[in-house]
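Protein chains in written order, with full-length UniProt numbering: chain Z, 1 to 318; chain V, 1 to 318.
Just so you know, the hints here were simulated from the structure itself, not pulled from any lab data. It is possible that part of the hints are untrue.
[Said to hold, decoys possible] Derived coverage of chain Z by chain V (criterion: at least 3 residues anywhere in the stretch with Cβ under 8 Å from a Cβ of chain V; other residues may be distant):
#1 62-75
#2 95-107
#3 241-251
#4 255-263
[To be verified] Taking beta-carbon pairs under 8 Å as the criterion, some of the chain Z residues facing chain V (in silico):
#5 174
#6 210
#7 211
#8 237
#9 277
#10 305
C-beta atoms are modelled at their ideal positions from N, C-alpha and C, and glycine is treated no differently.
Listed below are the residues making up each chain.
Protein chains: 2
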Amino acid sequence: MRQDQHKILDCTIRDGGLINNWDFSVEFVQDMYRGLSEAGVEYMEIGYKNSEKLLEGGNSGPWRFLNEDFLKDVITKKTDTKLSALVDIGRVDENDILPREQSLLDLIRVACYIKDLDKGLELVQKFHNMGYETSLNIMALSHVMENELIEGFEEINKSPVDVVYIVDSYGSMDYKDIDYLATKFQRLLPKKELGIHMHNNLQLAYSNTIIGASKGVTFLDSSVYGMGRAAGNCPTELLVSYLKNPRYDVRPVLGIIERHMLEMREKWMWGYLIPYMIVGSLDEHPRVAMAHLNSPEKDKFLGFYDKLTSPEVIPTPE
Amino acid sequence: MRQDQHKILDCTIRDGGLINNWDFSVEFVQDMYRGLSEAGVEYMEIGYKNSEKLLEGGNSGPWRFLNEDFLKDVITKKTDTKLSALVDIGRVDENDILPREQSLLDLIRVACYIKDLDKGLELVQKFHNMGYETSLNIMALSHVMENELIEGFEEINKSPVDVVYIVDSYGSMDYKDIDYLATKFQRLLPKKELGIHMHNNLQLAYSNTIIGASKGVTFLDSSVYGMGRAAGNCPTELLVSYLKNPRYDVRPVLGIIERHMLEMREKWMWGYLIPYMIVGSLDEHPRVAMAHLNSPEKDKFLGFYDKLTSPEVIPTPE
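Let's have the full structure, built from the sequences with the hints guiding it.
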């Protein structure tokens with residue numbers, strides 16, 4: 001694998017926040033930024049830049065609705081590690097976004113389903129015009145029909161978007177899927193950089209990521225100790241150890257885990273849990289598994305499996 | 001992948017016993033055999049057939065020194081799931097082994113390092129003569145030099161051994177290593193079936209196993225919920241879900257996990273723990289990580305990492 005070709009994007013704060021409602025202290029996020037910088041990680045995704053006006057926030061932590069004034073208090077000195085934020089279609093108020101020269105953010109990533117591609121590309125265009133690097137993260141690719149994808153690619157090619165992501169929202173993909181998608185994306189989007197964002201339902205997030213990297217995907221998403229929604233993501237510590245580049249050093253990532261992540265893993269659940277494995281193997285959204293794991297029946301898998309695999313939908317008696 | 005080509009060999013009792021000193025109840029092993037049989041798993045490794053006379057047994061459970069009379073009380077009715085046992089060079093007393101027609105075992109697997117290959121093949125020949133299926137499991141392949149391996153293959157080709165295993169003792173291999181080894185083994189051992197036994201230090205056990213399967217490896221080792229030494233093995237539930245063969249059903253494996261494995265995982269530690277990740281990424285034997293995890297410093301990774309990566313060996317003061 002060529003050196004300097006890959007960029008690691010650590011999304012612990014953003015994707016991990018889906019596990020703990022973004023209950024991360026400022027000190028933790030600062031330590032994370034320091035550690036990832038020392039480790040040579042190129043990007044840190046510091047949260048969502050969605051708008052509180054457009055989304056019930058409840059008592060979410062500040063990383064869900066990033067505010068630039070707040071950010072300036074958190075990141076007092078930028079390093080070589082760039083900052084990114086994710087936005088969702090229909091949940092971001094473009095007027096909240098400052099021009100890049102006034103912002104601490106470098107990259108804005110737009111997550112969308114294929115049906116919202118036009119809206120996604122419209123946002124990309126606006127953020128691009130404001131000076132940001134941009135990416136388009138097409139979610140739930142395993143549920144997208146070929147013809148729709150090919151049609152979408154034509155629109156993407158007309159857009160200034162820098163990076164297009166292969167996103168395995170359901171954690172159901174394996175090496176053959178990654179090989180197939182990376183080859184297809186490269187052929188049909190010859191001028192775009194590619195990214196990969198995997199989930200670990202089947203213990204394949206890291207493997208899929210390094211296989212994607214070997215196929216020419218350059219933006220590699222990961223999170224420290226794999227902390228992310230449901231089964232979590234490709235662990236940053238594995239990627240930093242693996243990639244052949246003298247800039248990377250795993251030691252600072254191990255330090256983050258030692259100081260914070262073991263304790264967090266005691267408090268919040270993510271990783272290889274059987275309900276996540278079940279939905280991953282069935283190629284289904286993890287929300288049913290997350291609900292099951294929040295119920296008193298959480299350790300009963302057979303009933304859960306039977307419900308999901310039964311061809312009949314049996315109504316619950318009133 | 002062609003149907004009926006692969007055989008799953010579940011080694012929970014044998015390899016998992018390395019975690020809990022084989023402290024499995026008869027009822028548990030019987031439930032395991034029932035569940036694996038219903039799941040369509042082809043082989044269950046029910047323990048080691050080493051000799052108590054040749055190895056300090058301490059208070060190990062009976063699955064470490066399998067006894068045929070005892071086994072007959074455990075497995076009162078054989079199913080389509082065959083039984084196997086592992087032996088180690090220098091630890092097995094051949095006089096303990098009954099001819100196959102008097103035994104419940106079908107397959108005897110001989111584990112050896114490359115330096116003991118001759119001894120390993122001698123045992124294979126004896127067990128073969130007694131009517132057993134045989135395999136040779138070459139451990140620590142990542143530390144074997146090419147010339148020694150090629151020399152070894154010449155001897156193996158003269159032996160009646162049925163299956164030759166690629167064993168990733170240190171959990172350090174990735175898809176490129178598997179691709180390389182499977183191709184080499186096939187070319188140099190054209191008449192042997194191949195097997196694969198992976199460890200999960202880098203979360204690659206399952207991925208490496210299915211990649212091996214796609215390259216023509218037919219014997220696939222796994223354990224329920226990944227229970228096995230240190231970081232554990234390729235999880236049986238993932239393999240059973242993945243392989244396209246109508247004989248397989250994941251539901252009985254989920255049942256075993258629900259009834260037993262969650263509780264065991266509370267009591268005994270295996271899986272993706274950072275000290276195992278560290279030794280895996282350094283391609284070292286897990287014993288130092290196991291010792292570290294048994295020490296009061298178990299959650300301190302940085303000192304452990306520094307010790308293993310320091311070029312100097314600093315003596316401990318007396």
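Hint check:
1. 62-75: violated (count 0)
2. 95-107: violated (count 0)
3. 241-251: It holds: at least three residues are needed, and the segment 241-251 of chain Z offers 4 whose Cβ sits within less than 8 Å of chain V.
4. 255-263: That given contact holds, which follows from 4 residues of the segment 255-263 of chain Z lying within Cβ reach (below 8 Å) of chain V.
5. 174: holds (7 Å)
6. 210: holds (7 Å)
7. 211: Holds, because the Cβ-Cβ distance from residue 211 of chain Z to chain V comes to roughly 6 Å (cut-off 8 Å).
8. 237: Constraint on residue 237 of chain Z satisfied, holds at 7 Å.
9. 277: holds (7 Å)
10. 305: holds (6 Å)
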